[in-house]
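Novice: Chain by chain, the residues:
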Amino acid sequence: MGDWMTVTDPGLSSESKYISQYTSETKMSPSSLYSQQVLCSSIPLSKNVHSFFSAFCTEENIEQSISYLDQELTTFGFPSLYEESKGKETKRELNIVAVLNCMNELLVLQRKNLLAQENVETQNLKLGSDMDHLQNCYAKLKEQLETSRREMIGLQERDRQLQCKNRNLHQLLKNEKDEVQKLQNIIASRATQYNHDMKRKEREYNKLKERLHQLVMNKKDKKIAMEVLNYVGRADGKRGSWRTGKTEARNEDEMYKILLNDYEYRQKQILMENAELKKVLQQMKKEMISLLSPQKQKPRERADDSTGTVISDIEEDAGELSRESTWDLSCETVREQLTNSIRKQWRILKSHVEKLDNQVSKVHLEGFNDEDVISRQDHEQETEKLELEIQQCKEMIKTQQQLLQQQLATAGDDDTTSLLRDCYLLEEKERLKEEWSLFKEQKKNFEKERRSFTEAAIRLGLERKAFEEERASWLKQQFLNMTTFDHQNSENVKLFSAFSGSSDWDNPTVHSRPRQKKPHGAPSGSPVCTSKLTKSLPASPSTSDFCQTRSCVSEYSSISVLNTAPEESKPNQVGRECTNQKWSVASRPDSQEGCCSGCSSTHADAHIEKDDLP
Amino acid sequence: MSFLFSHHRSMSIYEASLHLQNFKPASCVQYRLVVRDANTLQICQLYTCLDQIQHIEWSADSLFILCALYKRGLVQVWSLEQPEWHCKIDEGSAGLVASCWSPDGRHILNTTEFHLRITVWSLCTKSVSYIKYPKACQQGITFTRDGRYLALAERRDCKDYVSILVCSDWQLLRHFDTDTQDLAGIEWAPNGCVLAAWDSCLEYKILLYSLDGRLLSTFCAYEWSLGIKSVAWSPSSQFLAVGSYDGKVRILNHVTWKMITEFGHPATINNPKIVVYKEAEKSPPLVLGRLAFPPPRAAAGPLSSTESEWRQRSHWDGHQALQCRLARRSSGNTASQGRAQGQALCAAAKFPPSPVFHEVASVPVSLQTLKPAADRANPRIGIGALAFSPDNCFLATRSDSVPTAVWIWDIQKLRLLAVLEQLSAVRCFQWDPRQARLAICTGGGKVYLWSPAGCVSVQVPGEGDFQVLSVCWHPSGDSLALLSKDHFCLCFLETEQGVGTAFGQRGDHT
Numbered sequence: 001m002g003d004w005m006t007v008t009d010p011g012l013s014s015e016s017k018y019i020s021q022y023t024s025e026t027k028m029s030p031s032s033l034y035s036q037q038v039l040c041s042s043i044p045l046s047k048n049v050h051s052f053f054s055a056f057c058t059e060e061n062i063e064q065s066i067s068y069l070d071q072e073l074t075t076f077g078f079p080s081l082y083e084e085s086k087g088k089e090t091k092r093e094l095n096i097v098a099v100l101n102c103m104n105e106l107l108v109l110q111r112k113n114l115l116a117q118e119n120v121e122t123q124n125l126k127l128g129s130d131m132d133h134l135q136n137c138y139a140k141l142k143e144q145l146e147t148s149r150r151e152m153i154g155l156q157e158r159d160r161q162l163q164c165k166n167r168n169l170h171q172l173l174k175n176e177k178d179e180v181q182k183l184q185n186i187i188a189s190r191a192t193q194y195n196h197d198m199k200r201k202e203r204e205y206n207k208l209k210e211r212l213h214q215l216v217m218n219k220k221d222k223k224i225a226m227e228v229l230n231y232v233g234r235a236d237g238k239r240g241s242w243r244t245g246k247t248e249a250r251n252e253d254e255m256y257k258i259l260l261n262d263y264e265y266r267q268k269q270i271l272m273e274n275a276e277l278k279k280v281l282q283q284m285k286k287e288m289i290s291l292l293s294p295q296k297q298k299p300r301e302r303a304d305d306s307t308g309t310v311i312s313d314i315e316e317d318a319g320e321l322s323r324e325s326t327w328d329l330s331c332e333t334v335r336e337q338l339t340n341s342i343r344k345q346w347r348i349l350k351s352h353v354e355k356l357d358n359q360v361s362k363v364h365l366e367g368f369n370d371e372d373v374i375s376r377q378d379h380e381q382e383t384e385k386l387e388l389e390i391q392q393c394k395e396m397i398k399t400q401q402q403l404l405q406q407q408l409a410t411a412g413d414d415d416t417t418s419l420l421r422d423c424y425l426l427e428e429k430e431r432l433k434e435e436w437s438l439f440k441e442q443k444k445n446f447e448k449e450r451r452s453f454t455e456a457a458i459r460l461g462l463e464r465k466a467f468e469e470e471r472a473s474w475l476k477q478q479f480l481n482m483t484t485f486d487h488q489n490s491e492n493v494k495l496f497s498a499f500s501g502s503s504d505w506d507n508p509t510v511h512s513r514p515r516q517k518k519p520h521g522a523p524s525g526s527p528v529c530t531s532k533l534t535k536s537l538p539a540s541p542s543t544s545d546f547c548q549t550r551s552c553v554s555e556y557s558s559i560s561v562l563n564t565a566p567e568e569s570k571p572n573q574v575g576r577e578c579t580n581q582k583w584s585v586a587s588r589p590d591s592q593e594g595c596c597s598g599c600s601s602t603h604a605d606a607h608i609e610k611d612d613l614p
Numbered sequence: 001m002s003f004l005f006s007h008h009r010s011m012s013i014y015e016a017s018l019h020l021q022n023f024k025p026a027s028c029v030q031y032r033l034v035v036r037d038a039n040t041l042q043i044c045q046l047y048t049c050l051d052q053i054q055h056i057e058w059s060a061d062s063l064f065i066l067c068a069l070y071k072r073g074l075v076q077v078w079s080l081e082q083p084e085w086h087c088k089i090d091e092g093s094a095g096l097v098a099s100c101w102s103p104d105g106r107h108i109l110n111t112t113e114f115h116l117r118i119t120v121w122s123l124c125t126k127s128v129s130y131i132k133y134p135k136a137c138q139q140g141i142t143f144t145r146d147g148r149y150l151a152l153a154e155r156r157d158c159k160d161y162v163s164i165l166v167c168s169d170w171q172l173l174r175h176f177d178t179d180t181q182d183l184a185g186i187e188w189a190p191n192g193c194v195l196a197a198w199d200s201c202l203e204y205k206i207l208l209y210s211l212d213g214r215l216l217s218t219f220c221a222y223e224w225s226l227g228i229k230s231v232a233w234s235p236s237s238q239f240l241a242v243g244s245y246d247g248k249v250r251i252l253n254h255v256t257w258k259m260i261t262e263f264g265h266p267a268t269i270n271n272p273k274i275v276v277y278k279e280a281e282k283s284p285p286l287v288l289g290r291l292a293f294p295p296p297r298a299a300a301g302p303l304s305s306t307e308s309e310w311r312q313r314s315h316w317d318g319h320q321a322l323q324c325r326l327a328r329r330s331s332g333n334t335a336s337q338g339r340a341q342g343q344a345l346c347a348a349a350k351f352p353p354s355p356v357f358h359e360v361a362s363v364p365v366s367l368q369t370l371k372p373a374a375d376r377a378n379p380r381i382g383i384g385a386l387a388f389s390p391d392n393c394f395l396a397t398r399s400d401s402v403p404t405a406v407w408i409w410d411i412q413k414l415r416l417l418a419v420l421e422q423l424s425a426v427r428c429f430q431w432d433p434r435q436a437r438l439a440i441c442t443g444g445g446k447v448y449l450w451s452p453a454g455c456v457s458v459q460v461p462g463e464g465d466f467q468v469l470s471v472c473w474h475p476s477g478d479s480l481a482l483l484s485k486d487h488f489c490l491c492f493l494e495t496e497q498g499v500g501t502a503f504g505q506r507g508d509h510t
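Protein chains in written order, with UniProt numbering: chain A, 1 to 614; chain B, 1 to 510.
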């Protein structure tokens, strides 16, 4: 039915509506085949509904039609059209009310049906379009499927071809390999053949040679001779010696002497190279120890009992170093020990450096939630504010300038107005000028302020950086101490167990302990010195310093003072030394008369110290 | 630096043998032997041999000269101190193919035809020694630097042997067989303690023997391909450079005798650190008239600071001798003869090297390569020549497939330092015996000098084209003999305190 509905064109739809109406109606009474037939036949005959109904009921068959209708209606569940019969024999009468009710009900039903039908039709339409769409989709997908299938087939074909090719190539490769093998075999066989032939030829050749030799050499060939005016002396002036067994032995001796000399020379070279390498190694080790020891100091102080082994180990190394003789010994044990210790140190250094790297990256990551940062933000805010102010001022100035120009322009445009305004203008000009200068001054002030602020910001940034660096180094040290300590501890136990048997090693360590402590102390003290120097650096007036030192030197005229004094102020050392030299030359005659170096030096020291710390 | 040329035009020579001590170039013209002073080119001695001289050689103490007349199987020896002294050695029917001095300068080693034997003739006594079974190969005889020992390649019963003889009394010291298919050459290390022996080109194999005959090491870089082409010891005996047919130089060390490095010779140079000197197509023409005046500064460049003038020197007189010598020429070379008779002059030219001759090419540079004919014997591939500088710092090589280029390697850094690309194929190169200075000739009219500071080239003055086929340094490094087919000339490298500066300036430019 759906199909049929979709086929109908709009011109027919109105008619079809009727038809459907009737069909639906007739369907209500499907049992009457007759009426159906009539209905079917009547459509083409006449479109008049009325005539059709009249055909159904005529004057003659009212009764039959009523009864028929009644029957029909009762079968459909409507109340009977006839009145309730009071008596059986009495003829039943048509109940008008019931007929009307039935009619009404039928009409209502009809309307309902029509509505439902409409709904169904719209739905049908919808479904039809949906169907259409789906069919389209389906067709499209089918097409796609087809194309992809085709593609797949193509790809499969290509794959197959490639595989085929590959197989061919493999075959070719195999063939080539076989060929190569064959050729190699051929080469080898040719080579053997060639060698064989060569040998045969050579043998023949040798035979011929032998024969020739016999022929040419053996018979007394008068021609083979040397004519010499007189024999000359040997180049070395010696006479030729007879060949004896002795000479042979001598030759052997000489040969071995030469060889020995060569080997000795080479050994010497190797020794030299070795010594140099050892020196480098020693240097490296020393540097490593000096690099690693200051960091080990702190844990030592912190936890004396646990780090005892570490320290003694370091000191042992140091003691080992101090004994130069061990370096010259290149026996197995020393070498092994040395390599072990170097390796150990190297490991420590490596882990140290790695830790440092980690630390640095951490510092970089974490470094932004500090107090300094807040202050810096403040600064930035401040500078921003200032800049804003400056901007505002500039704008103000600009507007004023514009206004002024406008005024001037208008004045220039209109002569009469200018004339009228002249008196005011002069005054105004004066005033404006004043204002202008004031503004300028203000601007200058602002600029100055801004500059100072930026400078302050820069300085703060620098300080912050320095602080961060200090902090990082401190952190590094801390970390390092912890790590190296751990590392050392574990290794030390091992080492000690290895060395515990030999008591020889303990002695130098004991001796070297006090010695070793001094260098430990020095680096820890040095930062203080340097910091002092850096502080005094910008403040110290160098030129006046020179003069004063010079004057003091001239006063006491002692060279020794100068040599000791400049240590306090290194930055000026070079310059001072220059002056020193000059002065030493100049003051030499004076120095003879009285050189009470002791007191003079103290004086000079006092002077210089004063100079350095103003 | 200026180059002073002593020209020996109109004189035909076979060979100029420059001697170690007093550097007297001896040259032979047909059967005359002329000995000249190295500085003035004045004739010191003149000897007449019995036949055409084919080979001349100075004795180690430069007291004697050996002239070999291979065709007649004769060797004639002349004394420089006593012109009347003479010696003639006749090899008779055995024939003669090679003749050389022993290091003491009192013995002559003659190789007979077919390498039947080597005869050792003494000039001091009547004694004659014979060495049998010498091998006919590329380099079968080698003396140690100190002249004490002689190593000789031998072939007996299809096996290679090496004999080590004591030169003082020609006694056999060691005799051992070498594990080679066909020994091609032997060479002593400069310290005289190690002998390198290498196989023929069919197999890459180099063997190192101690003086006492022990095998120290064997080295083989690859198999199945053409092998070693050239071998050179460094002056310190520390390195052994082996050039092979695969176009590579391999350097062995003297401690483990293993390879330190491998120098390939690629046809394109991409590394911008490598200086490539390319000979420019056009060189400033040397016109006599123009050079009479000092050349303009701009044209002459930084090197024109040295004196630049031509002067004719005729204080040595070869006129008559030359004329008569030329008159006796047997084979007709009439053109040069006529010219010689017309103007038998020896000119000395002093002039600066042409500065704009070499240009420094920018990388990448692709060098001209020859396509070797694979079906021919002795293909033009591989490292044909290599030489260490006297200070051990540099190695110069020539790859036969790139015949126009000389490669200079830095031995201290073990890398390529410079490449000199000439217009024509490099014939010969030789290091200055005193310093790191390389002289190169290409068979053209120019000599090229390279030093670490830069590169210069000099046109050999003269009207006719002088084709420099070979160069030979004076032992002092002050002068250089240039040999062409029938001329030779001496090039004096005057070092007026400016060698360093001149080269230095050049170096700055490069």
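It should be emphasised that the hints constitute simulated quantities derived from the structure, not laboratory data.
It is possible that some hints are incorrect.
As the list claims (entries may be wrong) - DSS-like, lysine-lysine: derived pairs with alpha carbons at most 27 Å apart:
1. Lys-207/A with Lys-258/B
2. Lys-201/A with Lys-258/B
3. Lys-440/A with Lys-385/A
4. Lys-159/B with Lys-268/A
To be verified - Sample of chain A residues with no beta-carbon within 10 Å of chain B, all distances over it, derived:
5. Glu-60
6. Leu-155
7. Thr-399
Backbone N, C-alpha and C fix where the C-beta goes; we use that ideal spot for every residue, glycine too.
Novice: Does Lys-258/B lie within 27 Å of Lys-207/A when you go C-alpha to C-alpha?
Specialist: 41 Å, violated
Novice: Tell me if the straight-line CA distance from Lys-159/B to Lys-268/A falls inside 27 Å.
Specialist: 39 Å, violated
Novice: For Glu-60/A, is the shortest beta carbon distance to chain B beyond 10 Å?
Specialist: Per Cβ check, Glu-60/A is outside 10 Å of chain B; nearest 123 Å; holds.
Novice: Confirm or reject: Leu-155/A is not an interface residue toward chain B, with every Cβ-Cβ distance exceeding 10 Å.
Specialist: 42 Å, holds
Novice: Looking at Thr-399/A again, its CB stays over 10 Å from all of chain B?
Specialist: 61 Å, holds
Novice: Are the Cα atoms of Lys-440/A and Lys-385/A separated by 27 Å or less?
Specialist: 20 Å, holds
Novice: Compare the distance between the alpha carbons of Lys-201/A and Lys-258/B with 27 Å, and conclude whether the hinted pair is satisfied.
Specialist: 36 Å, violated
The structure fails to meet hints 1, 2 and 4 from the earlier list, while all remaining hints are met.
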